[in-house]
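J.: These protein sequence lines map, in sequence, to chains L and H.
According to my numbering, the first sequence is numbered sequentially starting from 10.
According to my numbering, the second sequence is numbered sequentially starting from 88.
None of these hints come from the bench; they were simulated from the model.
For clarity, every value in this text was computed on a predicted model and none was experimentally measured.
Glycine included, each C-beta is placed from N, C-alpha and C at the ideal position.
Check the hints yourself; a few may be wrong.
As the list claims (entries may be wrong) - Output of the computed footprint for chain H on chain L, the stretches with three or more beta carbons under 8 Å from beta carbons of chain H:
id: 1; segment: 53–66
id: 2; segment: 145–159
id: 3; segment: 163–172
id: 4; segment: 190–197
id: 5; segment: 210–220
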Amino acid sequence: MIFSRFFRRQTQPEPKIEAGLRKSRRGIFRDIAALFERSEIDEELYEDLEALLIQADLGVETTVALLDNLRQRVRREGIKDPAEAREALRDEMVALLEEATRNRKVKIYQRGVPFVTLVVGVNGTGKTTTIAKLARYHQDQGRSVMLVAGDTFRAAAIDQLKVWGERLGVPVISHTPGADPGAVVFDGMQAAFNRGVDILLIDTAGRLHTKYNLMEELKKVRRVIQRHVPEAPQEVLLVIDATTGQNGLVQARMFTEAAGVTDIAIAKLDGTAKGGIAFAIARELGTPISYVGTGEKVTDLAEFDPETYVDALFFGDDEEA
Amino acid sequence: MFEALTDRLTDVFQRIGRKGRLTEQDVDEALREVRRALLEADVNYRVVKDFIAAVREQAIGEDVLRSLTPAQQVISIVHKELVRVLGSERVPLTWASQPPTVILLVGLQGSGKTTHVAKLGHHLRGEGRQPLLVAADIYRPAAVEQLRTLGRQHDLPVYDEGTQAKPVEIVKHAIKLARERRLDPVIVDTAGRLQIDERMMQELEEIKAAVRPSEILLVADAMTGQEAVSVAEEFHRRLQLTGLILTKMDGDARGGAALSIRSVVGVPIKFIGTGERVDALEPFYPERLATRILGMGDVLSLIEKAQQQISQEESERLQEKVLTGTFNLEDFLNQLQQIKRMGPLTQLLEMLPGVGQALRQQQVQISDDEYKHIEAIILSMTPEERRHPDIINFSRRRRIARGSGTSMAEVNQLLSQFKQMQRVMAQLGDMAGVGRRRGGLRGLLGGGNPLAGLGDGGLDALMSQGMVPGGMPPGPSARHPTAQRPKPKAGKKAKKHKKKRH
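I would like the entire structure built from these sequences, with the hints used as guidance.
T.: Take a look at the structure:
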């Protein structure tokens, strides 16, 4: 079953949600299957594929590059059967993501040194929810977790994180609204050491990557973290909304520059969005995608796997295709 | 960005060669570039297809205006069509005949609904209304608290029943309260939801049936990609949207989603959100969004405006004057007034590619007062003095300063700057004798970072750089980069106006 593979980590996804997910995807699975149900590989097929990939938010450049690779392969390997071309395209898409996945740093969880994850992104991508899911994820692995309410700007952002903290039974370090994020993070680092927690998840205010001062603020937060643990933050997670278009590429570039993004989480994949921007980012920046958010429940977070991702979003199971 | 699209189009036309009429082939080749620009701006694939077909029909056979290059011509047609699709008129909010008017904000998670409920409330209070904000998002942790906080911060009343009541009931009660307290409009914050979430969409339908809102506005993130269409279509199918609020427009997303939604659903864009502060809500201008989608400053409007203001003859006469060094303060005043007629300076600067965004980023404010002072000083001179500034001695200066309500120092500054300007012009004249330089748009922008010159020299630099209408592109107008004269004044001013968010 494709979705049980997609939710690899997970025990049992609620059947209702799973059905909803599959329903939302059925359209594109069918479209793709239909595309390859022709007698030969012609120019029209490539045009249709271009339309499809662009509509999945891969962007013009990445789409053209993928299709160029496909053309070459078809020529080189003398592929005649459209069904074979379908496999080739799938391979190319997986390969593109895998190349970025290879850049993923091995996560080393040491005793006595908190593993710090700094979560960044533009406004409204789902940072706080992703943090809650990550907290749960680490709890399930038997690690102790602490949260830091570094979003001191948005109204009630601190409360939002506290609600999650209560639900999960995880301590939340916070200051008053409007406080200096650097100061909260400082306290968070200290508390993490004092209480010997394994994982410290730091929430930050959503910021558009075009705001110079706010991006500088992130650099400062980083410096504060490094004062305590030179190799921290071991993970800088950029949360990108699956519905994001080509601007996602700029976001990834700018946040990497300012905050040294190491991993990407694609949030809100439970809609009809294909999250195609992940391909563009993987290709242009080589930043690995590490997590995907697939629903509103706190357990709806999966580790990213290129093959499952491509199948779940584009090709479906064989029975479904 | 802008450079990319125009450059690419220029390349295309250079290959084809200049002709008096756009042929089918020219247009197709150019439209391939336009198509790409639109797709890169996240305009939906299907929408782009239809759009390109419409433009193609208009462009083929069109005469190439003498004033524009073929590349500019194609952009101009594309731009006009964009504006047409985006809606050339502002559609105001609809008010219920029987108050209170109910405004429902709906959309996906994280598009900015709660923030925009507060912004809209603030905006409408500024128009003399007394809004009531309603917290009907009982699902997202602390969403109610967020709206309460925003209400407290900006002194707007907020109705909520915590997170246990049903949203439909909350909204009904809120309207009852608004009626009693004569609050109008009632602006409802709803929970973010996926358009395919059946249960949540039903909830909205129930609210709609129960309170019959006058406005159902879809709050959409400007950064949304191709999905914008399916999202909007589904919300529209179930709720019959009345309008759109496009948020996060202060970033650098092109906002192609707006074009997609607009052309598929047909509802007007009513507001755009341009920041996190409560006053960062602006009415929607199709022109600006059109240029943004194309990734260019509003150079076209600038050119058009300049063309409207300055006749061909006059521009030739001016050019002659500049080149022969007979340009005097009277001509200068004329030009100032012409520029002024084109609109406020900030707005003109916004039209230059790159500049608008840079200005917004730095939060620089440029005042039009400089204009006023310069104008007042020149107007306080006698015609004789304007034609021959050299005769202005100490007592004349004192008289001019008093007459214009400025200081002697300001008069001195203007005179010495004008003298420098004349010197530069004379140099240009000499150079023009040798061989006229290719000026055009690039010259106007001074290449590189357009703000570099601007931050230093403000109005003067801009004018001496060739913002003088006599040198509007295209054409063999003479211009030289050394015409920039640094003057720290405007730079300081810019810094003073920088605002921090916190």
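J.: Holds or violated: the segment 145–159 of chain L covered by chain H, criterion of 3 or more residues with Cβ-Cβ distance under 8 Å?
T.: violated (count 0)
J.: Can you take a look at whether the segment 190–197 of chain L is actually covered by chain H? Rule is 3+ residues, C-beta closer than 8 Å.
T.: This one is violated; 0 residues, fewer than the three required, reach chain H with a Cβ under 8 Å.
J.: Checking C-beta pairs, does the segment 210–220 of chain L have three or more residues closer than 8 Å to chain H?
T.: holds (count 4)
J.: How about the segment 163–172 of chain L: do at least three of its residues have a C-beta closer than 8 Å to a C-beta of chain H?
T.: holds (count 8)
J.: Take the segment 53–66 of chain L, compare each residue's beta carbon with every beta carbon of chain H, and decide whether three or more fall closer than 8 Å.
T.: This one holds; 5 residues, not fewer than the three required, reach chain H with a Cβ under 8 Å.
Checked against the numbered hints listed earlier, the structure breaks hints 2 and 4; every other hint is satisfied.
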